[in-house]
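Since the structure of chain D is provided, determine the placement of chain G on it from the hints.
Protein chains in written order, with my numbering: chain D, 38 to 369; chain G, 3 to 330.
Calculated directly from the structure, the hints in this document are not laboratory data. Model, not experiment: these values are computed from the prediction. Glycine residues also receive a C-beta, built at the ideal position from the N, C-alpha and C atoms. One or more of the hints may lead you astray.
Said to hold, decoys possible - Coverage of chain G stretches by chain D, computed from C-beta distances (three or more under 8 Å per stretch; other residues unrestricted):
#1 184–195
#2 213–219
#3 238–246
#4 254–260
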Amino acid sequence: MTASNSPILESRNIRKFFSAKEGIFGNPKTVRALDGISLSVQKKTTLGIVGESGCGKTTLGRILAALETPTEGQILYEGREVQNLKGRELKKFRKEVQIIFQDPYASLDPRMTISDILSEPFIIHGEWNSAETPKRLLKLASTCGIAQSHFSRYPHEFSGGQRQRVGIARALALNPRLVICDEPVSALDVSIQAQILNLLKDLQEEMGLTYVFISHDFSVVRHLCDEIAVMYLGKIVESAKADEIFSSPQHPYTEALLSAIPLTDPEKQKLRKRIILSGDIPSPLNPPSGCAFHPRCRYAESSCREKVPELAEVSPSHMISCPVRPLAKVSS
Amino acid sequence: MPPILSISNLKVRFSTDSGPVWAVENLSYSLNANQTLAIVGESGSGKSVHALSILRLLPPPPHCEVEGEILFHDKNLLNLPPKEMRKVRGNKIAMIFQEPMTSLNPVLTIGEQIAEPLMIHKGKSRADALKEAARLLDRVGIPDAKTRLNNYPHQFSGGMRQRAMIAMALSCNPEILIADEPTTALDVTIQAQILELIKELQKEFHMAVILITHNIGIVADMADQMIVMYAGRAVETSPMTYLFSHPSHPYTRGLLSAIPSLDSKKDRLEAIPGRPPDLKNRPRGCPFSPRCPEVQARCREQDPPFFDIGEGHKSNCWLMEAEKVPPA
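Isolated chain D (complex conformation) (with noise of 0.2 Å):
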């Protein structure tokens, strides 16, 4: 890794609860979306965020970009405190740090014109400058793919991918340092799917960004990212750099998903076994005790339902949260 050791975005110990109500008369209760998550990126690096639907993601990636905030911990960009900036350094904040969202037919709004979304960060934050700022936005649109004679039309004219392409190009308009991407491509077919990642992995060369990934899928995030954070309700269960995940997975859970993923290659596939994990993810609402993923975990053990697993290192920068694997390594 090429990456300087000073993290631009950490998060310490966050959490965030949701109060949600069964029917009308019900008692309200609370959903522990996320649940003490700490996370450091580094800059010029890509932190991949992986985890099924429910595991508390998008959340994540909403409170590192400060569009909401967690009920408890903090997120320090660049050592200061996120939630304490206001005015000037919020705005500066609100520049340095964008997003991309997941789906490209709900994040433009449908009444502006291509022009109109990518002018609209430079006046929302005073940097338009009419000699200036149209040959940028040219250049900027012939990066990400887009041709000048689109700028005056509208989003329902564009393909999934254009339209992921004009997000993209809008959160890269002000020279971000640091850009949330929330499933870019998972809306894509295939072919267009690539042609996005390969987008992201040039403009990160050439703008030296840093990137949040989150997606479900372990085959996109193996192919972007440095380092992968494993996540299954609202807890992170492993992190490790990513080359060694995918070698050597350590909690039982990333080995299940890792095996759930297909191969593309039927004669490798044969060969491989596949772990099938019994059951549903569990709801929020109604967490099991103990370890979250002990009912579905073939290693359980009768301590696993007590006690609240820590994340614990195994080897130097990897982390799991299984007191249960790392011993049973050893002891075969």
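Using the frame of chain D, we list chain G on its own:
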């Protein structure tokens, strides 16, 4: 053994305000009993429309016209009177849809929905049908099936709904199961469960399965035969193993290398430039020619025929003309 389903020159045309759109063009294939056929393609390739045309679920003319022949055993489904067709649909040929939420009726219990085809097609009494529904629900892996029969779809999770859909499709012991993107709306761990279930049930019920998907990865270890579709037509037909080791069509090759893979890390994905053609105004010649890295002058002028390149492998590409085997 004669194939149980054989489709020849299937064409589907939709009338739109801006002229006709050919959603499926000249699709031909045959399916044997107990076989799994995978149909792979991106959105708009015509894969789902073709499935709906088998079950005659498309809107009636003049909105939509279907030509060609769909032979199920020796009956042409396209000429069947509606009453006869209803005896096939959901009975001999069943379908699982992509969206388990929108394809279940929200105001009927799961039990009623699974029992319904049994009462209609098999003439069972309500009590018997519900008993059978409980057995099926248990077979597809829903715990506590008897009480779950009284649940409504919103009380089920996505994976459980898809299991209920499968139970419904299997209720009349169909000869063909069409699964249209059965796992697209589901998480990976749940996807693995559902695929495994379909595999098991296929053996148990001796069905032929048509698995429609955009994800070439999930069919790698499930299908015997595969058809790749692009812009409404089949571009390549092949036994599974050949397709991965010797993809013949540039689109198939592009599709395979565009997938980020778990087993090897590539620095750059090889993306296919451009995007699928607008079906209202398709390019001349081969529809893939504007995106094809190996395009030749002829491709832009003449539509390639299907070349048989041996071992059941057929390709719709001029490059394969040299490799074709002469008809025996």
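These are the hints, each one checked on the structure:
1. Counting residues of the segment 184–195 of chain G whose beta-carbon sits less than 8 Å from any beta-carbon of chain D gives 7, enough to reach three: the coverage restraint holds.
2. Only residues whose C-beta sits within less than 8 Å of a C-beta in chain D count toward coverage, and the segment 213–219 of chain G has 4 of them, enough to reach three; the restraint holds.
3. Look at the segment 238–246 of chain G against chain D: 3 of its residues bring a Cβ nearer than 8 Å to a Cβ of that chain, three or more, so the hint holds.
4. Counting residues of the segment 254–260 of chain G whose C-beta lies closer than 8 Å to any C-beta of chain D gives 4; at least three are required, and the coverage claim holds.
In the structure shown, no violation is registered for any of the earlier numbered hints.
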